[in-house]
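Using the sequences and the hints, build the whole thing.
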Amino acid sequence: MTINMINNHTKRLTITIPSNLYPQIKQINPNVSQFISQAIEEKLYSLQSSPIAPLPAKKILSLLKKSRQNL
Amino acid sequence: MKPYLLDASIVAAAIFDPTSSPLALISNLIQNNHKLFSANLLVPEIINLIHSAYKNPTQAEKLLNSFFQLPLSLFSANSVQYKQILLQSYKQNTSLYPTTYHFLAKVNGLILLTSDKKYFHKAQSFGNIELL
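From first to last, the protein sequence lines are chains A and B.
Counting in our numbering, the first sequence runs from 1 upward without gaps.
Counting in our numbering, the second sequence runs from 1001 upward without gaps.
Because the hints were derived from the structure by calculation, they are not lab data.
Keep in mind that the hints are not guaranteed to be accurate.
As the list claims (entries may be wrong) - Just a few of them, taken from the derived set where beta-carbon distance is under 10 Å, the chain A residues facing chain B: (1) 31; (2) 57; (3) 59.
Beta carbons are placed, not taken as given, at the ideal position from N, Cα and C, and that holds for glycine.
Listed below in structure tokens is the structure:
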């Protein structure tokens, strides 16, 4: 799936769905726009509510040393 | 309690691990109205660390918000001090980053608090350092 246009003024997106996915989506929900919109909402919700995994001290130190090389 | 300057290893542990001893120590310092010090180098270090460790931008933003909520006073080095830091890092055979925190702790009469064992053992003789 690709987002091929974002209009910042109207806040509208044009999404291109691969032809093999379209009939599958249509089967689940005949209203494809609604299906995509719900899927995006659900994804956003899961991202916002998912807990932040703690990092153990050893991992923090090794990441710190690694990230210093890219700073 | 001694006046500490916290390096990135301590602050990162406090942000990334809610069960860590650095978080308990920082909470204790804040509750007892102690000032928290670090170096201005800490900001890009923590942002870069969040970027490396977390791929989810929402989580990364949350972590960055927690970091910015910490009441830290940040020291910066001047050009003369940076030369001294560079020479000190050659002398100790240590990286410039931890040496910067350490140097700024020492010149400001503070104790560098680190959880970096390797750095601690190499730089212990410079003084003003404790390992957590």
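Hint-by-hint comparison with the structure:
Contact between residue 31 of chain A and chain B, as hinted, is not supported at the beta carbon level, the nearest pair being about 28 Å apart and thus beyond 10 Å. Nearest Cβ of chain B to the Cβ of residue 57 of chain A: about 5 Å, under the 10 Å cut. The hint holds. Annotation: residue 59 of chain A was flagged as interfacial toward chain B, and the flag holds, the nearest CB pair being 8 Å apart, inside 10 Å.
Hint compliance for this structure: hint 1 is the single one not met.
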